[in-house]
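Sequences listed follow chains X and F, in order. The first sequence stops at residue 196 when you use my numbering, and every number in between is there. The second sequence stops at residue 75 when you use my numbering, and every number in between is there.
If you are wondering where the hints come from, they were derived from the structure by calculation, not from laboratory data. Where hints are given, some of them may not hold.
Stated by the list, open to error - Examples of chain F residues lying across from chain X (beta carbon under 8 Å, computed):
| no. | residue |
| --- | --- |
| 1 | K22 |
| 2 | N35 |
| 3 | T46 |
| 4 | A48 |
| 5 | A52 |
| 6 | P72 |
Stated by the list, open to error - Below, in silico cross-link-like pairs of lysine-lysine (DSS-like), each with a Cα-Cα straight-line distance of 27 Å or less:
| no. | chain 1 | residue 1 | chain 2 | residue 2 |
| --- | --- | --- | --- | --- |
| 7 | X | K173 | X | K40 |
| 8 | F | K22 | X | K51 |
| 9 | X | K69 | F | K57 |
| 10 | X | K40 | X | K111 |
| 11 | F | K57 | X | K39 |
The model shown is predicted, which means the values in this text are computed figures rather than measured ones. A virtual CB, placed ideally from N, CA and C, is assigned to each residue, including glycine.
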Amino acid sequence: MNKQQFKAVYDHCQTLQPVVHRNSVIRKIEEVTGKKIRSGRIPLDTKVARGFFIALANTEHPFYKRFGGDIVVLAKPLNKCWERFVNVKEAMHLMDEDAEKTDSFEKFEELLNDWCTLPDMGIHAPGISDMVAMVMALACLCPEATRLEFKAELDAKHTDHFGIAVRLKIPEYHVPLLFSPHYLTLVKYLTD
Amino acid sequence: MSQLALAKGRLFDADALRVTNLKLFPGTVRETTAEQYADQINKALSLMEVGEFEEIGPDEE
Numbered sequence: 005m006n007k008q009q010f011k012a013v014y015d016h017c018q019t020l021q022p023v024v025h026r027n028s029v030i031r032k033i034e035e036v037t038g039k040k041i042r043s044g045r046i047p048l049d050t051k052v053a054r055g056f057f058i059a060l061a062n063t064e065h066p067f068y069k070r071f072g073g074d075i076v077v078l079a080k081p082l083n084k085c086w087e088r089f090v091n092v093k094e095a096m097h098l099m100d101e102d103a104e105k106t107d108s109f110e111k112f113e114e115l116l117n118d119w120c121t122l123p124d125m126g127i128h129a130p131g132i133s134d135m136v137a138m139v140m141a142l143a144c145l146c147p148e149a150t151r152l153e154f155k156a157e158l159d160a161k162h163t164d165h166f167g168i169a170v171r172l173k174i175p176e177y178h179v180p181l182l183f184s185p186h187y188l189t190l191v192k193y194l195t196d
Numbered sequence: 015m016s017q018l019a020l021a022k023g024r025l026f027d028a029d030a031l032r033v034t035n036l037k038l039f040p041g042t043v044r045e046t047t048a049e050q051y052a053d054q055i056n057k058a059l060s061l062m063e064v065g066e067f068e069e070i071g072p073d074e075e
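Chain X with its partners taken away, still in its complex shape (with noise of 0.2 Å):
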């Protein structure tokens, strides 16, 4: 992940207020890569995957010409919540280091048998990267004033995890990481 490039999508986000629009997220890092990325539904077993992010480089595939050269594909079942994290997770690839890449058919199945390892994955470079890539759709989807202000009703016991993700609109699944001991550390990495 490039950080600077996050760092100015990071930014842009603890300006916005929750809800946070996905299209609010994505047209900054469409803004600091200089790429436009295309998202749409289509049926997938959400058993198996929600979606997937893909880049391709053949220009003159009638695929690429249809869709362009940067897509994310949501499952078509996912609720609302789902969706959108899914939608800003795997836009985050648009700014991935050269190293981050799966760029060939090796690195590919070390993807995928990363994810079938779980939770012992991370050990390949692309596999780290779509980890992190939670990591920064949740602090793009929820400020960091937001977040403080969710801390202090969930210490008071005003709130719980459900209460912020449906005001967040994310996945409640997700929540418990944005108060988790290593959340500022990681986000500070990200954006250092």
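Starting from the known structure of chain X, arrange chain F on it as the hints suggest.
This is chain F only, laid out in the frame that chain X set:
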């Protein structure tokens, strides 16, 4: 032909898509195989080829 073999040609051959990056958001079942992931990617590409792509609108949250 395995789904991985299909994906290999389709994604990385010089006269195919020539993928330069691909990342994944896994689904709800942890015990998923590489073949199953490749199958979903292949299915998605086949559906896109016939126009099955409901684009996210600019005003969607």
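>> Tell me the hint numbers this structure goes against, listed in increasing order.
In response: Checked against the structure, no hint fails, so every one of them is satisfied.
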